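Asks: Single-letter residue listing:
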Amino acid sequence: MSQAETAAAVRAPSPLWGLSLLRSEVGTTFRRWRTLALLGVLAAVPVLVGIAVKVETRGGGSGGHDGGGPAFISQVTNNGLFLVFTALAATLPFFLPMAVGVIAGDSIAGEASAGTLRYLLVAPAGRTRLLLAKFATAMLFCLVAAFVVAASALAVGALLFPLGDVTLISGTTISLGEGLLRAALIAVVVAMSLMGVAALGLFVSTLTNSGIAAMATTVGLLITVQILDQFPQLHAIQPYLFPHYWLSFADLLRDPVYWDQMLRNLGLQALYAAVFGSAAWARFTARDVTV
Amino acid sequence: MARNESTSGTGTGRRKAVRYAVPVAVAGVAAATIGIGSALASTGSPDLPKISAQDLIAKMAASDTQQLSGSVRVTTDLGLPSLPAGLASGMGGKGGDHKGGSAPDPQAKLTELASGTHTLRVAADGPDKQRVSIVEQAAEYSVIHNGDQVWAYDSATNTVHHSTDRQHRADGKRGGKHDDKGDKTGIGEASPQELAKKVLAASDDTTAVTVDGTVKVAGRDAYQLVIKPKQSESTVGAVRIAVDAKNGVPLKFTLSPKSGGKAAVEAVFTKVDFGKPGADTFSFTPPKGAKVTEGDGKQQGHEQQGREHQGKLPEGLPGADAGFSGSKNVIGKGWTSIAEIKGGKDAGAAVTGKGKSHGSEASSLMDGFGSKVSGKFGSGRVFSTRIVNALMTDDGKVYVGAVSKDALVKAADAAK
Numbered sequence: 001m002s003q004a005e006t007a008a009a010v011r012a013p014s015p016l017w018g019l020s021l022l023r024s025e026v027g028t029t030f031r032r033w034r035t036l037a038l039l040g041v042l043a044a045v046p047v048l049v050g051i052a053v054k055v056e057t058r059g060g061g062s063g064g065h066d067g068g069g070p071a072f073i074s075q076v077t078n079n080g081l082f083l084v085f086t087a088l089a090a091t092l093p094f095f096l097p098m099a100v101g102v103i104a105g106d107s108i109a110g111e112a113s114a115g116t117l118r119y120l121l122v123a124p125a126g127r128t129r130l131l132l133a134k135f136a137t138a139m140l141f142c143l144v145a146a147f148v149v150a151a152s153a154l155a156v157g158a159l160l161f162p163l164g165d166v167t168l169i170s171g172t173t174i175s176l177g178e179g180l181l182r183a184a185l186i187a188v189v190v191a192m193s194l195m196g197v198a199a200l201g202l203f204v205s206t207l208t209n210s211g212i213a214a215m216a217t218t219v220g221l222l223i224t225v226q227i228l229d230q231f232p233q234l235h236a237i238q239p240y241l242f243p244h245y246w247l248s249f250a251d252l253l254r255d256p257v258y259w260d261q262m263l264r265n266l267g268l269q270a271l272y273a274a275v276f277g278s279a280a281w282a283r284f285t286a287r288d289v290t291v
Numbered sequence: 292m293a294r295n296e297s298t299s300g301t302g303t304g305r306r307k308a309v310r311y312a313v314p315v316a317v318a319g320v321a322a323a324t325i326g327i328g329s330a331l332a333s334t335g336s337p338d339l340p341k342i343s344a345q346d347l348i349a350k351m352a353a354s355d356t357q358q359l360s361g362s363v364r365v366t367t368d369l370g371l372p373s374l375p376a377g378l379a380s381g382m383g384g385k386g387g388d389h390k391g392g393s394a395p396d397p398q399a400k401l402t403e404l405a406s407g408t409h410t411l412r413v414a415a416d417g418p419d420k421q422r423v424s425i426v427e428q429a430a431e432y433s434v435i436h437n438g439d440q441v442w443a444y445d446s447a448t449n450t451v452h453h454s455t456d457r458q459h460r461a462d463g464k465r466g467g468k469h470d471d472k473g474d475k476t477g478i479g480e481a482s483p484q485e486l487a488k489k490v491l492a493a494s495d496d497t498t499a500v501t502v503d504g505t506v507k508v509a510g511r512d513a514y515q516l517v518i519k520p521k522q523s524e525s526t527v528g529a530v531r532i533a534v535d536a537k538n539g540v541p542l543k544f545t546l547s548p549k550s551g552g553k554a555a556v557e558a559v560f561t562k563v564d565f566g567k568p569g570a571d572t573f574s575f576t577p578p579k580g581a582k583v584t585e586g587d588g589k590q591q592g593h594e595q596q597g598r599e600h601q602g603k604l605p606e607g608l609p610g611a612d613a614g615f616s617g618s619k620n621v622i623g624k625g626w627t628s629i630a631e632i633k634g635g636k637d638a639g640a641a642v643t644g645k646g647k648s649h650g651s652e653a654s655s656l657m658d659g660f661g662s663k664v665s666g667k668f669g670s671g672r673v674f675s676t677r678i679v680n681a682l683m684t685d686d687g688k689v690y691v692g693a694v695s696k697d698a699l700v701k702a703a704d705a706a707k
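If you read the protein sequences in the order shown, they are chains A and B. The first sequence begins at 1 in the working numbering and counts up one residue at a time. The second sequence begins at 292 in the working numbering and counts up one residue at a time.
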């Protein structure tokens, strides 16, 4: 590449460059065995939960739990659609954010440790765009992961349990079609809830050249924050911890829908994305890439 | 662009610093926005024409708002000792037999509201259709009253409690506390309207009622009514009620103890809409597979009565004495009225740890909760919370009231 060409590309990078960069990022990420294995594990969780509930209630049990276990589990035997909500409630505290932490933590540091980061930076897209493409890929993974859990749960629920009109947790009844719509909406909300973890992972990923270290740090931070969220003594700071409002997706199953907590959750996730996203940008654009 | 940045020169260091300032600035702006937002929400007193306390009370009484829906935040900090869950339910079961928490009995749920912060969602359309739900983490407990049907649905356990209105009306009569408005189950009593009604019913010449400016509640302009007991023995500092300036509906209720600090009871509409709620809000069909408990039969009634006692004590409002149906009489009047309950000897002995079945463990447990007092009446134990104090004497009498410890001892002495 001649000097003049490079200069021209720098001055006016084609707007499509960002898109094709994103496309290639998405392609590499979702073609990785690691990603597919993560999605496979996530898909297996609803199968396990469904079979466990089926086995437990086979002897004519009513399925009437005393509020133990993940949310909605007592309704699963009567309506398979509730397995979607149970599975999302069961995977959201740990499995889903862990998978996102692996993908986001690996995004920059993984390239650095594989020695491919500098080749990516040679492409006339700029570091900011690369970072945006990485973040968008992580968010896409969140969405795909949530829908994989939901779809697997719906399939298992339809196979093992009856489907029908849905009684919302407020006691009102809606049709199955509307129930499916709400389930899809819930999957989207769950994916958005993972935005904070994705941004945090991306920031950690810009700090180190070791992919493993970045993944471990992100997942470690996740567990630490989850534990902090359990202590009643820390209630003053808990509303600012990113997992605090995660289970608020269940508010979509109220009638009328209770938006307060959910909006607070999305606002908090956006705040985490802004703070850690800009921190990642500051670190990544100012850093020497030598490997 | 950043990619071929030169690593030499003094500009790099400064540029780095500027970049790192961005996330810091984002966090700062966010913190400031949150701070300003909460500061704005709590201030703001709208300009409203002056109104006298009498007129405001008349406005509340004349209010004929029948249709509303909204969210209510109920915060209670009564200073009750926090019992381990098992022990608390054991005490709740004392009144009747120990049936456990599987059936969603509305009265049992009411005691849950006696501590912490809860969000209720309410909807009403005339005297025949009401609904109250307690919003829980990924679950909801709803009481739906439609015509002569009363349903209680607990989504966490997928259980339903069903009763007909007639039976509840009878219950209400026995307790002597229900009127036609409001739901018939008791949970609605935590709403600002019902709390305000109780306080106003109890206010007489022992009470000073004033209007203290205006406030904004749930985006609506409201007058603030302040009710203060004149008697010095009362533990109640003041009751504040925010009354909607347009339709006279109480929007906020605050009960502050005389000792200061956080409000003991606060019920406030965080959102309110005076439009007609949708008709399907009040319809309920038990979901397939849900366990339905029918709310009739003697045993149920008995248990309910026992629970009523349990639920009444922490309420600690002047109207609370109406709930006791056992052998009791009321000493004094107004805010300092004290309920005297004559239990059996066993009850007193059990409480003071002399009962054989309880042993020393129970005794030491009680020592943790109550403090020993003695006077002309003999000796006993005082159990105190932020509003309600109770004196249990060794000979089995119980004095309960929203009054200071000294007033309880004085009442016990006088009764001797």
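Calculated directly from the structure, the hints in this document are not laboratory data. Wrong hints could be hidden among the right ones.
Calculated cross-link-like contacts (lysine-lysine; reagent style PhoX-like; alpha-carbon spacing at most 20 Å) [claimed, not checked]:
id	chain 1	residue 1	chain 2	residue 2
1	B	LYS582	B	LYS633
2	B	LYS579	A	LYS54
3	B	LYS582	B	LYS350
4	B	LYS489	B	LYS341
5	A	LYS54	B	LYS582
6	B	LYS341	B	LYS521
Since the structure is predicted, the reported quantities are computational estimates derived from the model, not experimental observations.
Asks: Any of the earlier hints contradicted here, and which numbers?
Replies: 1, 3, 4 and 6
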